[in-house]
Amino acid sequence: MKNRADYVIIGGGVSGCSIAYNLAKNGAKNIVVIEKKYICGGSTGACGAGVRMQWGTEMNCKLSKFSIDYYENAAQALDYADGIEFKQKGYLLIAATNSEFDQFKKNVVVQKACGIPSRIVSKEEAKELAPHLNTDMIVGGAFCEKDGFLNPFKTTDAFYRAAKRLGVEFYPYTQVTGITVENGRIKGVDTTQGYIECPVVVNCAGGFSADIAKMAGVTIPVKRERHQILVTEPVTPVQPAMIMGFKLNIYIQQSLHGSFIMGRNNLNEATDGRVTSTWQFLDEMSKTVDTLLPLISKLRVIRQWAGLYAMTPNRQPIYDKAQEVEGMYLACGFSGHGFMFGPVTGVAMADMILGLTPTIDVAPLGLSQFSDKSTLVIEPAVV
Amino acid sequence: MKDDNVIICRCSDVTLKDIRDLIDQGYNTFDEIKRITRIGMGACQGKTCTQLVLREIATRTGKPIESLKPQTSRPTAVGVKLGVIAKGDCDDEK
Ligand SMILES: Cc1cc2nc3c(=O)[nH]c(=O)nc-3n(C[C@H](O)[C@H](O)[C@H](O)COP(=O)(O)OP(=O)(O)OC[C@H]3O[C@@H](n4cnc5c(N)ncnc54)[C@H](O)[C@@H]3O)c2cc1C
Chain A
1 MKNRADYVII GGGVSGCSIA YNLAKNGAKN IVVIEKKYIC GGSTGACGAG VRMQWGTEMN
61 CKLSKFSIDY YENAAQALDY ADGIEFKQKG YLLIAATNSE FDQFKKNVVV QKACGIPSRI
121 VSKEEAKELA PHLNTDMIVG GAFCEKDGFL NPFKTTDAFY RAAKRLGVEF YPYTQVTGIT
181 VENGRIKGVD TTQGYIECPV VVNCAGGFSA DIAKMAGVTI PVKRERHQIL VTEPVTPVQP
241 AMIMGFKLNI YIQQSLHGSF IMGRNNLNEA TDGRVTSTWQ FLDEMSKTVD TLLPLISKLR
301 VIRQWAGLYA MTPNRQPIYD KAQEVEGMYL ACGFSGHGFM FGPVTGVAMA DMILGLTPTI
361 DVAPLGLSQF SDKSTLVIEP AVV
Chain B
1001 MKDDNVIICR CSDVTLKDIR DLIDQGYNTF DEIKRITRIG MGACQGKTCT QLVLREIATR
1061 TGKPIESLKP QTSRPTAVGV KLGVIAKGDC DDEK
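Chains as they are written, first to last, in our numbering: chain A, 1 to 383; chain B, 1001 to 1094.
Hints listed in this document are in silico derivations from the structure and should not be mistaken for laboratory results.
Treat the hints with care, since some could be wrong.
Computed list of chain B residues with no C-beta within reach of chain A, every gap over 12 Å [claimed, not checked]:
1) Asp1003
2) Asp1004
3) Asn1005
4) Val1006
5) Leu1016
6) Gln1051
7) Thr1059
8) Arg1060
9) Lys1087
Simulated coverage check for chain B against chain A, where a stretch passes if three residues somewhere in it have a Cβ under 8 Å from a Cβ of chain A [to be verified]:
10) 1031 to 1043
11) 1069 to 1076
Beta carbons are placed, not taken as given, at the ideal position from N, Cα and C, and that holds for glycine.
Kindly generate the complete structure, drawing on both the sequences and the hints.
Take a look at the structure:
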């Protein structure tokens, strides 16, 4: 392992790989990525793989639009022969109550202003988009045909391989155990494989980003939560769009491979970093499916798993540098939607770190977004 | 037999050649190979392929097979219909 680097990126998920690639693409040298497991071994490898532009805050809309535009051509841009399996068959958001439906209407106004092709749909249109949906449980919905999902492993692998070709060094199965700070500046990083001297650390450690920040004496408002998910046996295609309801507490998509992947949240989820599975999740998930999508309840569950959401107070990510020390950059707090932000995370952070003219303005996503609780813009559309 | 004719994972249709190529490119744990190929993600959840893949990793990298990890075991132990779980029923399909 190197004992000196210009940039140490902590975390080999989609964020770390995309940041590494974008730094190298802009000519930066001596970049290393430290990952305690393997590439994609964190939340990215556990996620629901959905990408959507139907958000309620302007920033989330802009970030996802930028990323989805990129994903449309990512396989070519990253020269990834295997392809990243991007399927754009839309997201159908379903409203269970009139107040939820009103929120969708407000969100669509924000989305339209950002150039996002979303629209409000009636109960009847929802039934056409998803004939197996029990529309007695909904009052209406919203739809955006450009939303969809893609393979998170291949997407991350594409960034990883492209970064590697540009000279980035990856150290999997290596854990960061400490960060040395001297006179208010980052000096280096301790790992299970040795010490690396470096002036810049990029913290994109997902559910562990607050712990990494703390190693340098930095406090960030990121709290982790376990989120559970399951997959069924594969069957012939019956559901093109991802279906998602916030009140009904479900997201469910049929993957290209044919299996159904679904998840929901639970307010009492574990926050200690564990990613074990519980029977309670299986019980709640199956009951929701059984009433909302009876056809799907005929399918067998073959695996359930879990990953971490890294939540911020307003469910928008943090792109910034730390205040307390010089040299720590933050790309974290993705609040359950960081996979889809992969491309924009890389571009925005590389611009910030290298002092380039910003390709996209992410200034509103600095730590100061949390300083005044009364003006906090809270993302309403999160499962 | 040529190794591209040997199927290692019947659920996800992965050949011995796919596995060998990935190991040679540095994807040398079960979890990494799984994420690229879907091996072990199918109905059998690795019950057929795990030992075959681990043996291949051991032979090609020289690491002792005892030191290699399979994927995490997760529920459910066998496939169970969602509706059966929801209703607390018995899966009576013979
Ligand atoms: C069940 C579930 C469903 C989801 N569904 C979606 C979805 O549909 N769409 C979407 O966009 N997002 C979704 N997400 C959220 C998404 O997974 C994350 O926001 C995204 O993967 C974050 O990527 P990341 O690279 O920032 O973090 P991660 O992928 O978690 O990467 C961080 C890495 O840092 C490593 N690390 C931590 N500590 C250390 C250390 N001390 N030393 C070295 N390495 C360390 C970890 O091992 C990890 O690999 C979902 C998440 C879950 C859990």
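Hint by hint, here is what the structure shows:
{"no.": "1", "hint": "Asp1003", "in the structure": "holds, 19 Å"}
{"no.": "2", "hint": "Asp1004", "in the structure": "holds, 16 Å"}
{"no.": "3", "hint": "Asn1005", "in the structure": "holds, 21 Å"}
{"no.": "4", "hint": "Val1006", "in the structure": "holds, 21 Å"}
{"no.": "5", "hint": "Leu1016", "in the structure": "holds, 18 Å"}
{"no.": "6", "hint": "Gln1051", "in the structure": "holds, 19 Å"}
{"no.": "7", "hint": "Thr1059", "in the structure": "holds, 20 Å"}
{"no.": "8", "hint": "Arg1060", "in the structure": "holds, 17 Å"}
{"no.": "9", "hint": "Lys1087", "in the structure": "violated, 7 Å"}
{"no.": "10", "hint": "1031 to 1043", "in the structure": "holds (count 8)"}
{"no.": "11", "hint": "1069 to 1076", "in the structure": "holds (count 4)"}
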